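*Asks:* Now for the letters of each chain:
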Amino acid sequence: MSLLPYATAAWLLGIGLYGIVTSRNYIHLIGCLAVCQSATYVLLLGIGYRRDAIAPIFYDHPPGTPAVDPVMQALVLTDIVVGATLTALLLVLALQVFKRRGTLDPQKLKPMHPPSNAGTRDAGPREAGFAGEARPEPQP
Amino acid sequence: MSPRLRVLLLGLAALVLAPCALAVIAAMPEFGTAIAPYGARINAVAPAERNIANMVTAINFDLRGLDTLGEEFMLLAAVTGTVVLLRGRRGERDGDRAARLPGRAVVPRSEAVILACRIAGPLTALFGLYVTVHASLTPGGGFQGGAVLASACVLIYLGEGYAGWRRGVRSAVLDAIEGGGALLVVLCGLGPMLVGAAFMQNVLPFGTFGALLSGGLVLVANLGVAAAVTAGFSQLVLEFLEETRAPRPDGADGGDDA
Chain A
1 MSLLPYATAA
11 WLLGIGLYGI
21 VTSRNYIHLI
31 GCLAVCQSAT
41 YVLLLGIGYR
51 RDAIAPIFYD
61 HPPGTPAVDP
71 VMQALVLTDI
81 VVGATLTALL
91 LVLALQVFKR
101 RGTLDPQKLK
111 PMHPPSNAGT
121 RDAGPREAGF
131 AGEARPEPQP
Chain B
1 MSPRLRVLLL
11 GLAALVLAPC
21 ALAVIAAMPE
31 FGTAIAPYGA
41 RINAVAPAER
51 NIANMVTAIN
61 FDLRGLDTLG
71 EEFMLLAAVT
81 GTVVLLRGRR
91 GERDGDRAAR
101 LPGRAVVPRS
111 EAVILACRIA
121 GPLTALFGLY
131 VTVHASLTPG
141 GGFQGGAVLA
151 SACVLIYLGE
161 GYAGWRRGVR
171 SAVLDAIEGG
181 GALLVVLCGL
191 GPMLVGAAFM
201 QNVLPFGTFG
211 ALLSGGLVLV
221 ANLGVAAAVT
231 AGFSQLVLEF
241 LEETRAPRPD
251 GADGGDDA
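Protein chains in written order, with UniProt numbering: chain A, 1 to 140; chain B, 1 to 258.
Below are the SDA-like pairs computed for lysine to any residue, each with C-alpha atoms no more than 25 Å apart in a straight line:
#1 LYS99/A / ALA98/B
#2 LYS99/A / ARG87/B
#3 LYS99/A / VAL84/B
#4 LYS110/A / SER2/B
#5 LYS110/A / ARG6/B
#6 LYS99/A / LEU85/B
#7 LYS108/A / LEU5/B
#8 LYS99/A / TYR162/B
#9 LYS99/A / GLY88/B
#10 LYS110/A / LEU8/B
#11 LYS110/A / PRO3/B
#12 LYS108/A / LEU8/B
#13 LYS110/A / LEU95/A
I should point out that these hints are in silico values taken from the structure, not numbers from a laboratory. All values reported here derive from a predicted model rather than from experimental measurement.
The shape of chain B in the complex, shown without the other chains:
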């Protein structure tokens, strides 16, 4: 199909769909006046029911915890797919050294970059932990904190270079953390059933409103998600960086028709 034909088809589709979209937009509730009843009820009820200040956390890890369980496994599946595709293609043939493009000079990292990363890395990790553990109080939680923690992991690569990154960040450890995190979320669902409650029912004591340890089971699920997101995102970065490894010099890498 030629590019022109494709644009023509898109234009035709737009001609048909634009009036529909306009009709839908015109029929939408007035912007900024009211929110959906479900969200309004949660805002009204959940702080007292769960002793959680952050409603988004309450929804993610308690009221709609089942959705988070599904999302958790979607994350796991996407990371697994990435790893399988990259690693299966790469095999175990490559060496441990980063590949060099012939003709391109290797510029060493400046000391300023190393210093900045060594200062910013631990601070970023600390901030990620802070965001994670304050899930039930302030904006944050396992997803956001996990992403920040994974960024701290990438700072290791920026500051220490490829060799230091390879020494410090082990794929097997990340696998264990990610699987363990997902398992913890599943156990948050199955655990309450052992004491006769429903799946993912919040059976732990809720604590006091406004305290760091408030929300009961939410805290455990939050930790599980934080671990899985941290390790999952780090694993993604690690697998992409592994793509830069040089083939073994002994020529054991035949057959890659790239």
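Bound-form chain A, shown alone:
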């Protein structure tokens, strides 16, 4: 029974990874990544938990009352904020992929395959990544 929190974290990470591997849509994939990340919340809070202890806030309870680990809670706070902003960033990348290639399916994105509607400027190597595509492009 005492292993349940850690096993839950591992299971969350597992199903998140399964979702990422089988994903046919980038939005769905980003959601799966959020599931993976929630495994870290469960793990951190599980590590920091102590039975019959209060939250690490000594306003209603006098200092010295047994409390759970505040470091883990601070880490989860960090985790959530960073996760939220990175999700936004990933959604933007998905938006850019859809605008460029007209699809959100990772299967249909062949890295070395130039889009059919583009001229020579798109036939070059694509390893410049998405950041390169954010530049205002010169019109041919």
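Add chain B to chain A, keeping to what the hints say.
*Replies:* Quick look at chain B alone, frame taken from chain A:
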């Protein structure tokens, strides 16, 4: 790589990694019995040392304030990346009106929604401020309060519609608030060095335990983080909503191969 092959690879990886994960899980400390010594020491020492009741705030803005500084700039970088990607792609070509999908009726907002948002918006903002300023006492702080404040900002869009949102929420103002918030956190680090203390050392008076203004420098850093998170999240929402703008009718939007 075919989907089946990918699942097969994942299964192989799981076969290898699952025993390792099980071994780690079995070796973990017993759940719910003890916490790490670092956290226990903070619980024991920090209330008296910093006059802060909320240990999470004490860690975020004082004991591990340097980490928050890094996180602050991670937030700034993610928001900047989002803005650059969206705005650079969009350029200044689009008009000020929201785009309409042909064939889809525009349903006006019901008065109930407007009323609910006008009531809930200010209340949400007030609650966000409450959560923010009580960082050193009760659960809350700049991150949580900032997220609530940004939600209040989104309620403007829900209640007033796109035009009202465009009038009320200015991108330049959000930029200034976000940059100012991050700058304030940096100054919290550099300021103490001016008086000969270490980086981010809490040199301000701590106040009395349990008072609203307790914790010294924590209060300033908390405000900076609250400003940066509020403006950062609002900026994200704003940039995504800007994506719905219609192209200018004069056809100046050529070249977008979307």
